[in-house]
Amino acid sequence: MNTRRASLWLVGALAAISVIAAACGSAPGVGPTTKGKITVGGFKFPESSILAQIYGQALAHAGYDVTYKLNIGQREIVAPALKNGDIDLYAGYTASDLEFWNNKAKEASGDPVAETAKLNSHLDSQGLVALDPSKAQDQNAFAVTKAIQQQYNLTKMSDLAPIGDKLVLGAGSECPTRPFCLPGLQQTYGIHFKAFKALDTDGPLTRAAFKNGTIQVGLVFSADADLDSLGLVVLDDDKHLQNADNVVPVLRKQVASDDVKAILNKVSAGLSTADLVALNAKVSLDHQDPDAVAKAYLESHNYFS
Amino acid sequence: MRFFGEVWRWFGDPTHWQGPDGIPTRIAEHIHLSAESLAVAAVIALPAGIVLGHYGRFGGLAINISNAGRALPSFGILVVAFQVFGLGDLPVVLALVALAVPPMVTNSYVALREVDADIREAARGMGYRELAQVLRVELPLAVPLIMGGVRTSAVQVVATATLGAAIAGGGLGRYIIDGIATQDYVKTAAGAVLVALLAFATEVGLAGVQRLLVPRGLRLLNAPAAARTTTFKVA
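The listed protein sequences derive, respectively, from chains A and B. At position 203 of the first sequence the residue is numbered 203 (the working numbering), and the sequence of numbers has no breaks. Each number in the working numbering comes from the position in the second sequence (counting from 1) with 1000 added on.
What the hints contain is simulated information worked out from the structure, not anything from laboratory work. Beta carbons: idealized from backbone N, C-alpha and C, even for Gly. Treat the hints loosely; a few may be bogus.
[Claimed, not checked] Simulated restraints on C-beta separations:
hint : chain 1 : residue 1 : chain 2 : residue 2 : range
1    : B       : V1204     : A       : S229      : 36 to 44 Å
2    : A       : P162      : B       : F1011     : 21 to 29 Å
3    : A       : G203      : B       : Q1183     : 15 to 23 Å
4    : A       : P179      : B       : F1011     : 54 to 62 Å
5    : A       : P179      : B       : I1065     : 34 to 42 Å
6    : A       : Q187      : B       : V1040     : 41 to 49 Å
7    : B       : G1208     : A       : S229      : 51 to 59 Å
8    : A       : K211      : B       : I1065     : 31 to 39 Å
9    : A       : H240      : B       : F1085     : 36 to 44 Å
10   : B       : F1085     : A       : D289      : 21 to 29 Å
11   : B       : A1201     : A       : Q151      : 41 to 49 Å
12   : B       : V1080     : A       : N84       : 30 to 38 Å
13   : B       : N1064     : A       : A274      : 36 to 44 Å
14   : B       : I1065     : A       : P176      : 16 to 24 Å
Please model the entire structure based on the sequences and the hints provided.
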């Protein structure tokens, strides 16, 4: 008797699950039939999530089945994920990606188009491709607090060389191994800091460290919207340590059909640095979700019409 | 196997033994942070456990409250405390104290409860006042159990202090976090090995301290009969 009742329950539960599963399965079928699955990945900072959502939602609107894997980590983790096919696409940056995929061969320059061509020569054998670079730039930059800036009358990076031994630099753990970061500051500018503090790349740790005086110089992104309200001043990169870091989609050739390329290139072509600053402001200052910010951007720029 | 060879060679590299990111500095930071947290926790937990155990009251309450600390994930405390207090040692110490308090409260409470009622009575009969009874009769008998709690806490604290590196702190967690950030997994593994060794050394070191604190009479009680007779040298 008992076993029969148990099996009845089991049948009932299975039936319920299959109904739910069928409902879930049929939901995407209501829209246009899917053109294929694309997984969009992102680096662990807000702007990357916004860009991933913008590219991803544009693809979803065109009928692709898009899933997101955001805040994965830094390039050392995201790039292998792309190579392995865990993700199909990420929004990269011309100089940073070039110097990553070419194993720090120092090919980056001030020209995003040339950088992308060189990037593609390294990506080609890996089954990957970078599309047209966008006009939108977000460079790595070094900021100081306003107090330090006034105290030493700083305007450009080379002003730091004589006083570097009085200042502490804060950046992500990878900074001491990156040519644009600690090694570059030492070789190009001759700045030798008193100490290096491993924090994050322009995230909450860096902000907290600026706030309580642990660091005086920190790595930030030039398109950050809240630098001014945090009391930070970006120093001019007068010896051009940072290269042109324009937003560029990097994807697996398997998913890079002409249709996908056209959609992504259209989004890249419409994006400007001012857009980037405004988008970042909505996330970091107004605390909106990256997916909502991306949706609003695409709607207001008529991508959905 | 090659990986272990690389980890071994990492330890052999003299540049890893000097400077602000050198092994001695990181171990010193790690011990400093752990000792600080353990000391704060001991100041809170041991008197509470001892007093409650002596009177045999509110024990369940105290143990339940401190066990709530065990249920709170250390990383959660760390992140919330970081939002409130910003960068520095304080968020890490708070997370570690919450971790270290429960075993010490529980063990010291039980330790005092476990003292033989006959011995308590005998102490009172010999004219000990309450404070003296606690300090000179009950506490010495309770030392093995209390120290058991301290050892448990200390090992957990040393192992968990690695979390401090997640909010830009120092210590051996730096190797683990920095190693992951740069995909230098040899460095990460070396950091993990160092943490394990330090936790082990803590356990062994505190076992030594415990030996020194346990009264001779109690040690002889557990020793074989032959050892007991030979030590009765002085009358």
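Comparing the hints with the structure gives:
no., hint, in the structure
1, B:V1204 with A:S229: 36 to 44 Å, "violated (52 Å)"
2, A:P162 with B:F1011: 21 to 29 Å, "violated (38 Å)"
3, A:G203 with B:Q1183: 15 to 23 Å, "holds (19 Å)"
4, A:P179 with B:F1011: 54 to 62 Å, "violated (28 Å)"
5, A:P179 with B:I1065: 34 to 42 Å, "violated (53 Å)"
6, A:Q187 with B:V1040: 41 to 49 Å, "holds (45 Å)"
7, B:G1208 with A:S229: 51 to 59 Å, "holds (55 Å)"
8, A:K211 with B:I1065: 31 to 39 Å, "holds (34 Å)"
9, A:H240 with B:F1085: 36 to 44 Å, "holds (40 Å)"
10, B:F1085 with A:D289: 21 to 29 Å, "holds (27 Å)"
11, B:A1201 with A:Q151: 41 to 49 Å, "holds (45 Å)"
12, B:V1080 with A:N84: 30 to 38 Å, "holds (35 Å)"
13, B:N1064 with A:A274: 36 to 44 Å, "violated (57 Å)"
14, B:I1065 with A:P176: 16 to 24 Å, "violated (45 Å)"
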